[in-house]
Amino acid sequence: MIGAYFKEYGRWYLLYVCMSALYFLSFFLFHLPAAYFLTSLSFNLSLLLGATIWFYLDFRRKMRLLQDIISLEELEGLNSPSELAFRSVLEEIQINEAERLLDLKSQNQDLQDLVKMWSHQMKVPLSALSLMAQTDQLERQEVRQQLLRVENYLDTLLTYLKFSDKKDDFRFEFCSVREIVSDLVKKYRISFLTKGLSVNLTGDWQLKSDKKWLSFAISQVLDNAIKYSREGGSIHIQLDEKGLTISDTGIGILPEDLPRLFEEGFTGYNGHEHKKATGLGLYMTKQVLDKLDLVISVDSEVEQGTQVSIYKQKRD
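Using the UniProt record's numbering, read the sequence shown as starting at 1 and increasing by one per residue.
Since the hints were derived computationally from the structure, they do not count as laboratory data.
Any given hint could turn out to be false.
[To be verified] The calculated DSS-like cross-link candidates involving lysine-lysine, where the alpha carbons are at most 27 Å apart (straight line), are:
id : residue 1 : residue 2
1  : 7         : 62
2  : 186       : 116
3  : 211       : 123
4  : 211       : 286
5  : 105       : 62
6  : 211       : 162
7  : 242       : 195
8  : 162       : 195
9  : 123       : 187
Required output: the full structure, derived from the provided sequences and hints.
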């Protein structure tokens with residue numbers, strides 16, 4: 001404790017020694033009696049000793065107070081301007097830390113809810129695969145369909161976790177959106193065939209973007225178009241220099257659900273009714289497109305179909 005005290009106040013004792021040396025030099029230069037100097041020095045040392053005891057006891061009290069602190073209310077004994085500023089900083093840190101802990105708690109709860117929802121969705125394709133294995137009725141097309149669903153759920157979850165941890169890996173380059181969409185159509189060909197859907201792809205769109213993340217965003221939109229299209233329906237994908245538009249002839253979206261489509265965890269009427277949604281796909285699509293400086297908009301009519309557009313952010 002003594003060492004800490006002199007580390008805190010050592011500069012003042014050094015200043016006292018320097019001033020005493022100058023004081024002695026003045027006596028020496030003016031040939032004043034040494035007794036006068038010694039008498040003055042003794043008074044100064046007595047005053048310094050008393051002040052040292054006083055400041056040391058106060059310093060020890062404050063140090064013990066800080067060492068034993070549990071709450072900021074215990075710092076009421078710190079009342080000097082610098083100490084009040086110190087208390088203010090501590091209070092601000094405490095408030096920020098409390099808010100951070102609340103955010104972490106909320107994120108943890110959201111993640112738990114997500115995992116529960118995600119695991120529930122995963123049971124559907126896994127149960128289907130298990131049933132086919134048990135009955136020795138492994139149809140290649142159906143197996144591919146269920147594996148594709150598992151892959152999509154995994155991609156969505158991993159993307160969500162990456163964005164939650166701020167671990168994105170964007171790499172921008174010029175790419176053909178038509179090539180991206182063509183690859184996705186090939187990826188989902190089993191889904192198209194299973195539901196008897198026709199797909200029409202026209203035009204192209206060249207832009208500088210991250211091919212992998214853009215492909216993820218478009219895949220979520222295309223997957224939704226397939227899921228909510230009726231058997232024998234059609235999906236039209238139009239590309240031009242303005243952007244991308246995916247139109248389907250599916251069941252459509254309720255008007256009251258449209259404003260909340262991109263909220264985290266929101267599934268809407270269709271998701272609840274058909275039990276096909278995790279509430280993550282469009283949320284992650286919006287997050288990814290925001291990072292890519294792209295805009296997504298949705299127009300839909302119930303029983304008529306849905307049109308999703310992706311285009312460049314307008315510059316002022």
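Which numbered hints fail: 2, 3, 5, 7, 8
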